[in-house]
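Novice: Residue numbers (the numbering used here), protein chains in the order written: chain A, 1 to 272; chain B, 1001 to 1328.
Read the hints as simulated data drawn from the structure, not as lab findings. The C-beta atom is built at its ideal place from N, Cα and C for all residues, glycine as well. Accuracy of the hints is not assured; some may be wrong.
[What the hints assert, rightly or not] A few chain A positions that, by computed beta-carbon distances, are all more than 10 Å from chain B: (1) Ala-144; (2) Lys-188; (3) Asp-206; (4) His-227; (5) Gln-260; (6) Asp-261.
[To be verified] With a cut-off of at most 30 Å between alpha-carbon atoms, the simulated DSSO-like pairs for lysine-lysine come out as follows: (7) Lys-1244(B) x Lys-83(A); (8) Lys-1143(B) x Lys-83(A); (9) Lys-125(A) x Lys-1105(B); (10) Lys-88(A) x Lys-1109(B); (11) Lys-246(A) x Lys-80(A).
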Amino acid sequence: MNAKSAGHTTADGRKIGGVLMEMKNITLRFGGVTAIKDISFDIREGEIRAIIGPNGAGKSSMLNVISGFYVPTEGEVWFKGYKRGPMKPYQVARLGIARTFQNIALFDGMSVLDNIMTGRLTMMKSGLLSQALWIGNAEKEEHAHREKVEKIIDFLEIQNIRKTPVGRLPYGLKKRVELARALAAEPKLLLLDEPMAGMNVEEKEDMSRFVLDVNDEFGTTIALIEHDMGVVMDLSDRVVVMDYGKKIGDGTPDEVRNNQDVIDAYLGVAHD
Amino acid sequence: MPEQLLYATEVMLNGLMAGVMYSLVALGFVLIFKASGIFNYAQGVLALFAALTLVGLQNGQVPFAHMINAVFGTHVAEFGWQLPAVVAIALTALVMVGLAVLIEKLVLKHLVSQAPIILFMATIGLAYFLEGLGDVMWGADIKKLDVGLPQGISETIESVTDSLFGYGFFIDNLDIVATVVAVVLVSALTIFSQYSKQGRALRAVADDHQAALSVGISLRFIWVLVWSIAGFVALVAGIMWGTKSGVQFSLSLIALKALPVLMLGGFTSIPGAIVGGLIIGVGEKLFDFFVGPMIGGATENWFAYMLALIFLVFRPQGLFGEKIIERV
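Please take these sequences and the hints and turn them into a complete structure.
Specialist: As C-alpha cells, this is what we get:
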C-alpha cells in the first residue's frame, strides 16, 4: 500500500482519499514536562488511523490536541487543507470532529436517547426564541434529528435501552452510547480514546465490529488510541507509535510490527 | 370543624404562600448551581437590583441622579414619564440579560476551572458590588412598587370560607398571585429544559462540562443563558417581595432565607427548591403557631435554620438532591 498517493483503494475495497488532517511538528509542554515532542503525521480521508504506545507515551495528549482540549505549545494543526488557529473544544466539535473519552464522559442523568440527541446540537438551526416558544421550524427540526438518531440507535443495536438513564448502564454499553453520541454529529473525523479499554473479549469484538462498520458504512475517518496491540493491528490501516512523547514508528500494521524501535518500546531493550 | 383546627389550616395556607416566595428565590440559586456548580450568593441582590431597576424605570427616575448632580451641580431627578408596568418589566428583563452578559464577560470568564470556593467568593464580591451599584443608580430610600398586582385580603375567599365553615380565612391576594406565577414559571422552565435544544444543552452542561464541550456546546453561552434566566427569576421574586414589603435593601437578605430551603430540597433539584420552600414556609408558620407561645414567640427567625441543621445531620443531600456516593 502506498500511503503517499493522493487516493487509493484498500484490499477490502474501501476508498482512502487525500489528507484530511495534518499535524505538523506538534510539541506540547506542561510547565517543565514535555508530553509531546515534535511529532508530525497525517490522517487520510476514509482511513482508520491508530495511535499506540506504552502508558504515558502521550497518546491521549495527542488526541486532546486534535480535539482542541489542549492547545499545542508549538506546531500547526491542519484540517481540510486549512491551518487551524487556537480553538476552543466546542469550536473544534463544530468543525466536524467528534470524540469519545477514555473514562467515558456521558450525561449520566439523561436518557440514552437524550444523550445521543446532544450529539446533534450543533446541527440544529432554530434559535433560542423559536425553541423557547416552540414555534417556527423548531418542532419539525426536532423530528428530523430524532429520525437520524433512531438510525444510529438501530445501527449500534441499543434500541432496548433508549429510555434508560445512562447512569444505570453497565460499562460496555456506556462506551457504545458514547460512540453513538459521537456518530450523531455525523463527524468528518471521529476520535476514539481507548474504545476497548476495560472490556471483555466479547465486548471488544462487538466494538471492533462497530468501528469497522462505521468506517465502512458512513465512510467516517477514524483516529483511535488503543492499548491492545492485537485489536489495533486488525482494525487500522496505518499506525503511529509513540513512546515518551516521541514518534518512534509510523506505517502499516506490518511495517510497525517489524520496526525494531517499536519492539524495544513494547518489550523493553536488552541491556548487555 | 373546631375553631382551633380552622385557624391552624389558615395558618398553614398562609405558610404555603409564604413558602412560594422562598421557593422563587431558591429557584434562582438552583439554576445557577446546577449549570455551573457556583453557589451564587448574589441571587438575593439580583432580586433587589431587578426590583430597584423596575421601580426606577417605571417612575422615570434618572439613574445615577445623585452622582450627576454632585459632579455637574445640576438638579436632575426624573425624566417625568410614567411607563406602563408591562413595558417597565420587559425593559428590566432586558437589563437583567445585559447584566448576565456583563457578569460572564467581566467575572466568570476569568475564573473558569477555578475551585468552587473562589467562584463563591466572586459572587460575594458581586453581591456587594451590585448592592452598591443599585444604591448609586437609584438611591437608597425605600420605594413603593406597584405593577398593578392585587393586594390585600381576598374578600371572595373570606366570604366563601365563612359561609362554608362559619370562619373566614384571611388570605392575601398577592400571595395567590405569587403562587400562580410560581407555578407558571416552574412549568415553563421545566418544559424549556426538557424539550428544547438549549434546554438539552443546559442539562448537558449541568451533567458534565467536558462531554458538553465535546459535542460542541459553548459553556460561555450556556452561562449567559443560565444567568439570564436566574436574573429573570430574580425579577419575578423582586416584584413579589417588592410589592409585598416595598423595595428596600434588606431584600437582599432573603438570599439567606433561601439557604435552608436549599438544604432541604437539595442544591441541584428544581422540584426540591419548590418543595423545600413550601415546607419551610408551612413549617415556620405552624411551629410559631403551636410551639411559639410556649417558648416566647419569634420562632420564625430561627426555625428554618434549625430544620436545615437537622436535615444536614440526617440527609445531607436534601430531599431531592443527588445521593452522595463515594466510590472507592
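Novice: Given the hint that Lys-246(A) pairs with Lys-80(A), does the C-alpha gap stay at or below 30 Å?
Specialist: holds (25 Å)
Novice: For a C-alpha distance cap of 30 Å, please report whether Lys-1143(B) and Lys-83(A) respect it.
Specialist: At roughly 58 Å apart (the allowed maximum being 30 Å), Lys-83(A) and Lys-1143(B) break the hint.
Novice: For Ala-144(A), which was marked as not at the interface, is the minimum beta-carbon distance to chain B over 10 Å?
Specialist: holds (12 Å)
Novice: Can you confirm whether the C-alpha distance between Lys-88(A) and Lys-1109(B) stays at or below 30 Å?
Specialist: holds (13 Å)
Novice: Taking the closest pair, is the beta carbon of Lys-188(A) still more than 10 Å from chain B?
Specialist: holds (13 Å)
Novice: Does Asp-261(A) sit more than 10 Å from chain B, CB to CB?
Specialist: Since the minimum Cβ distance to chain B is about 33 Å, Asp-261(A) lies beyond 10 Å and the statement holds.
Novice: Just want to verify: Gln-260(A) was marked as not at the interface with chain B; is every Cβ pair farther apart than 10 Å?
Specialist: Check passes; 37 Å lies beyond 10 Å.
Novice: Starting from Lys-1244(B), check that the Cα of Lys-83(A) is at most 30 Å away, please.
Specialist: violated (60 Å)
Novice: Taking C-beta pairs only, is Asp-206(A) more than 10 Å away from all of chain B?
Specialist: Holds: least Cβ distance 22 Å, greater than 10 Å.
Novice: Classify the label on His-227(A) as holds or violated, using whether its beta-carbon is more than 10 Å from each beta-carbon of chain B.
Specialist: Holds, since 21 Å exceeds 10 Å.
Novice: Check the hint pairing Lys-125(A) with Lys-1105(B) against an upper bound of 30 Å on the C-alpha distance.
Specialist: holds (25 Å)
Checked against the numbered hints above, the structure violates hints 7 and 8; every other hint is satisfied.
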